[in-house]
Amino acid sequence: MKLTPAHREKIAAILAWLKRWLAPEHLATLRPKLEFQTGILAGFALLASVLLGFTNCSTQGSIQQRLDEDLKHSLAEVVPATLYDNDLLQDTIIVSSAQYNIGTADTLVYKAKKAGEVTAVAFKFTAPDGYSGAIDMIIGIDRNGNVLGVRVLSHKETPGLGDKIELAKSPWILSFNGFSLANLSPEKWAVKKDGGQFDQFAGATITPRKTLQATYRSLQLFKDKKEELLK
Amino acid sequence: MFLSENYRRSALEGLWHNNIVFSQNLALCPLLAVTGTATNGLGMGLATLVVITASNGLISLCRHLIPAEIRIPIFVLLIATLVTLVDFVMNAWAHEMYKVLGLFIALIVTNCALLGRAESFAYKQPVKESLWDGFMMGLGFTLVLVVLGAMREISASGTLFTNASLLLGESFKFLEITVIADYHGFLLMALPPGGFIMLAFIIVGKRMCDAALAKRNTPIQAVVMEE
Chain A
116 MKLTPAHREK
126 IAAILAWLKR
136 WLAPEHLATL
146 RPKLEFQTGI
156 LAGFALLASV
166 LLGFTNCSTQ
176 GSIQQRLDED
186 LKHSLAEVVP
196 ATLYDNDLLQ
206 DTIIVSSAQY
216 NIGTADTLVY
226 KAKKAGEVTA
236 VAFKFTAPDG
246 YSGAIDMIIG
256 IDRNGNVLGV
266 RVLSHKETPG
276 LGDKIELAKS
286 PWILSFNGFS
296 LANLSPEKWA
306 VKKDGGQFDQ
316 FAGATITPRK
326 TLQATYRSLQ
336 LFKDKKEELL
346 K
Chain B
-11 MFLSENYRRS
-1 ALEGLWHNNI
9 VFSQNLALCP
19 LLAVTGTATN
29 GLGMGLATLV
39 VITASNGLIS
49 LCRHLIPAEI
59 RIPIFVLLIA
69 TLVTLVDFVM
79 NAWAHEMYKV
89 LGLFIALIVT
99 NCALLGRAES
109 FAYKQPVKES
119 LWDGFMMGLG
129 FTLVLVVLGA
139 MREISASGTL
149 FTNASLLLGE
159 SFKFLEITVI
169 ADYHGFLLMA
179 LPPGGFIMLA
189 FIIVGKRMCD
199 AALAKRNTPI
209 QAVVMEE
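In order, the protein sequence lines correspond to chains A and B.
The opening position of the first sequence corresponds to residue 116 in the numbering used here, with each subsequent residue numbered one higher.
The opening position of the second sequence corresponds to residue -11 in the numbering used here, with each subsequent residue numbered one higher.
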């Protein structure tokens, strides 16, 4: 479409009108008017909603993609890549976990399979009773019930003290590896202060204690649902 | 001089005389919540710096459109929108950084300093000045957060800038220092009460500096003897 002189004139007229309308002196006469106040508040609200809606739509896809990447990354931390040849994100099962107190009533379990046989499972779980809120974690368990790895995904524990449960800050969480309900008695699944196997941190006992107890409960979940999970 | 007199005065206001924390006593909620370590303080400070500059600019740009009677709801709307936009965009396109700073971005909405600057500066001043004011106020806030975070971190765990490399990248690993080796920790300082205690020290320190400066700058008055 070509702009005819008539069109150009119209556009120029609109721009000139807009310029006049937006001039501070003109706006100063409008501001005390109730209609203008209502309109402008609505206008700002509309603008905000349009902007937010637009940004949400255009970033939703890549945010979901980033979250998937994060999940894949966390899964790779707790289940070694040599153990599976399937897509973990697609091969899932939901088991009921209400009586285990690991955050949710239903837990989504990712199955690692090699040549069609389940070699390990991984799932997210939560210690709802951390020192300052829930501690979200992910665990990988091999088919014999041994811990392949536990990682903390998010928490609100005291920075500098309780945050040593993060692998980025301390290797403590690696001390779970290889243990199971079978090779460690229930009373040893505790911090040393409580007569158990695992270290606590100077100045923070509750955080590692609750992390351990939640891990123990998630191993129980695996043990009780083994049939279903390894199918 | 590179900056005109007005800009220099505005910078000093933000950094020292009218500092968000020292003088306005605003933004104490995010301040006490995140300054457990110097790195967290820096992260919160930088995120706030960006948002307060943008919000000042935006509000100054729209200032003729905003009637005085309904300015507060419009400020709140604009600031909340801005923070949410930053949150979305960062999550999508700067995800690694978002994982570190994300927590702070959401907290900025609770920062009344933004509303404070919108109300007392950006609503009355041209865009360029408002941007500058927001930047300097943000910088002043960042400085306090880093100093407070450093003081709390050193007294709580004897280290400085732990995990700076997570926030700023591997090349900033050199910032991570153990100040007091073999320190057994002082839990109170890492908890919110420690924040209040250290903040009190900092504010007292600032007041003492001011008092000392004022004393030095007072001209010695000639005593005029009257007959």
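Any given hint might turn out to be false.
[Claimed, not checked] If you want the ones that stay clear, here's a sample from chain A, every Cβ over 10 angstroms from chain B, calculated: (1) Leu133; (2) Arg146; (3) Gln152; (4) Leu156; (5) Arg181; (6) Glu184; (7) Lys228; (8) Pro243; (9) Thr273; (10) Ala283; (11) Lys284; (12) Phe294; (13) Glu302.
[Unchecked claim] If you anchor each label on the Cβ, the simulated ranges turn out as follows: (14) B:Cys17 with A:Gly231: 23 to 33 angstroms; (15) B:Leu201 with A:Ala128: 36 to 46 angstroms; (16) A:Ile126 with B:Leu49: 22 to 32 angstroms; (17) B:Glu158 with A:Cys172: 30 to 40 angstroms.
Don't read these hints as lab results, they were simulated from the structure.
Backbone N, C-alpha and C define an ideal beta-carbon position, used for all residues, glycine too.
Out of the numbered hints, which ones does the structure contradict?
2, 3, 4, 5, 6, 9, 10, 11, 14 and 15
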